[in-house]
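> The listed protein sequences derive, respectively, from chains A and B. Residue numbers are given in full-length UniProt numbering: position 43 of the first sequence equals residue 43, and the series is strictly consecutive. Residue numbers are given in full-length UniProt numbering: position 60 of the second sequence equals residue 60, and the series is strictly consecutive.
These are calculated hints, taken from the structure and not from any lab test. Cβ coordinates follow ideal geometry from the N, Cα and C atoms, glycine included. It cannot be assumed that every hint is accurate.
Said to hold, decoys possible - With a cut-off of at most 30 Å between alpha-carbon atoms, the simulated DSS-like pairs for lysine-lysine come out as follows:
no.: 1; chain 1: B; residue 1: Lys31; chain 2: A; residue 2: Lys39
no.: 2; chain 1: B; residue 1: Lys78; chain 2: B; residue 2: Lys31
no.: 3; chain 1: B; residue 1: Lys31; chain 2: A; residue 2: Lys47
Claimed, not checked - Computed far set for chain A versus chain B, every beta-carbon distance over 10 Å:
no.: 4; residue: Leu66
no.: 5; residue: Lys152
no.: 6; residue: Ile310
no.: 7; residue: Leu321
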Amino acid sequence: MAEIMYWEALQRAHDEEMARDPLVICMGEDIGVAGGTYKATKGLYEKYGPLRVMDTPISEGGYTGLGIGASFLGIRPIIEIMSVNFAWLAMDQMFNSAAKVRYMSGGQLTSPSVFRAAGGAAHQLGAQHSARMEKVFMGIAGLRVVTPSNPKQAYGLLKSAVRSDDPVFINEHELMYNMKGEVPDEEYFHPLEGSEISRSGNDVTLFGYNISVHWCLKAAEILDKQYGISAEVVDLYSLSPLDRAGIKKSVCKTHRAIIAEEDEAPVGVGSEVIAIINEECFFELDAAPVRVHSALVPQPYNHKLEKAAIPDHEDVISAVLKMLGK
Amino acid sequence: MKLEDKKRVLREMVLHRRFEERCYQAYIERKIGGFLHLYPGQEACCNGVMEAARPGHDYVITGYRDHIHAIKCGSDPKAVMAELYGKETGSSKGRGGSMHIFDVAHRFMGGYALVGGPFPLAAGIAKGIQMKGGDEISICFLGDAANNQGVFHETLNMAALWKLPVLFVCENNQYGIGTSIDRSTAVLDQFKRVCGYGIESAQCDGQDIDVVYEHARKAVDYVRSRKGPYFLELMTYRYRGHSMSDSRGYRTREEEEQWKQRDPINILRDRLIDAGALTMDDYNAMEKDTDAYIENEVIKFAEESPEPDVADLEKYVFA
């Protein structure tokens, strides 16, 4: 098992799927000749040529719709949206065409398309380049949403998404492309549904996804060493559908839940997880579940304001200590 | 077109007209729900273009005024009517409705309800054709008002850039819902709007099927020979409102009457009579047979078909 970077894991998944199936293509802004803003498609243009590695004009709605149309004929497009903020322009096609076509055609047509987008707050990118938008995607019937928290997931989820006959949205993070992690040397397919226990514990469950899994892991380590608190960390890599059984199982074990999300709180992952806890295992709770989330503001530019807007592992620790009365 | 073909097409156009008028009646009777957008007045557009193309072989995609395009591609009118009735035997198993007729076996890739939404999908289908190496073309039928959406321009740019085999047919019926084209659009001649993308285009009468056919043949040949995309604007008119909830208060009855003087079915009928290929009695019999077919087979099938099972509510969400 080799240790590689998150972007290398994505690049390897692209390369393997394109080598295997001539109907797999990728498209997006600057993904070809320029090699990709986050290098996820590095070297593919030279290997597979312009018909399969398409540098698109800056027309998110147009090229996303074009990829979806091609998918109706069995082409499997991997459509990169440079920043998730630009995905607003492509959502009509993602939601109204890709996600609904199977249902409204009575199962005749399906869109085996993959959408990848870099989201999250990076460093002082301002209001229109820092959004976390998973809440928007995870409420759409017919669209799968996954969000890898490490290179192994980045590789395995993209491989599975390409092979899926459903449209899949992959939510990545601008700060994670250079993260290192072990990825199996052999081909690996990560399930598109479910959740993973990243760290086992007994006193409280910390639910995270994508970057917030890392806040939770860091918080769990500090809670263990400094406070003797045993926190379980559950990685919700699938945001749609959410893993009801996995959420229930962990809450039934620890009886306390904290959900950490980089997104703003309203109508988000946290509120959805709490709703599931209420529906599945309300009487197992020893404390009211708590959300750790960003402030409801357009992302500020100033570095102090930006830091204040976005939570981190310290906010998770504070929430746990407060919940446990320490 | 040969005389025999013209007679066949006349019969089809009569079916298309009577089918839609029967939908109107079924809607009034509350047998059909939702929104209903009808095609009378525009029959020469779909028929003229598809006679020049290869129905069932070439891919067709359109907006919500889609019943007739599906039938022209080869859909069984019974399945289309059953869809309007929301039945399990409908073309989309009752899950789509009037605006979402699909018949993938006949390469009718669907009706879509977001104005302009099919533009990039059509270009994508053309990309799929290009990758698979077939001789098909992708045909996108939309109205004039769709050209004011951003994806129209994004799609034209990409279609021209990548020389995609897609034919855009603009059925210019002069109105976007209830707003006339001169009140919504800076340039009235739609075929001129694509020149900035270096796309070949033409405009012609959309009421005379012979004129449509001749222009469409040139357009289809151009796209099929892989010279790039083509934009064909057909000047036409819809007799009914945008949908059934439209009382047509935005236009005069005089204007409607003027267009009805150039009815596409009458134009073709009279030409066949003048050529000695048809009599008025033949035509009347054609209408009568068509009505009997619609009533005894199409409506009967839709009425008698079962509704979807509620237990199957979540079927077709995921593969």
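> Decide, hint by hint, whether the structure agrees.
Outcome of the hint check:
With a CA separation close to 56 Å, the supplied pair Lys31(B) and Lys39(A) exceeds the 30 Å bound. At most 30 Å may separate the alpha-carbon atoms for a hinted pair to count; Lys78(B) and Lys31(B) meet this at roughly 15 Å. This hinted pair does not check out: Lys31(B) and Lys47(A) have alpha carbons roughly 57 Å apart, beyond 30 Å. A beta-carbon of chain B comes within 10 Å of the beta-carbon of Leu66(A); the shortest separation is about 4 Å.
Residue-level check passed: Lys152(A) sits 25 Å from the nearest beta carbon of chain B, beyond 10 Å. With a least CB separation of 32 Å from chain B, Ile310(A) remains clear of the 10 Å interface cut-off, as annotated. No beta-carbon of chain B comes within 10 Å of the beta-carbon of Leu321(A); the shortest separation is about 41 Å.
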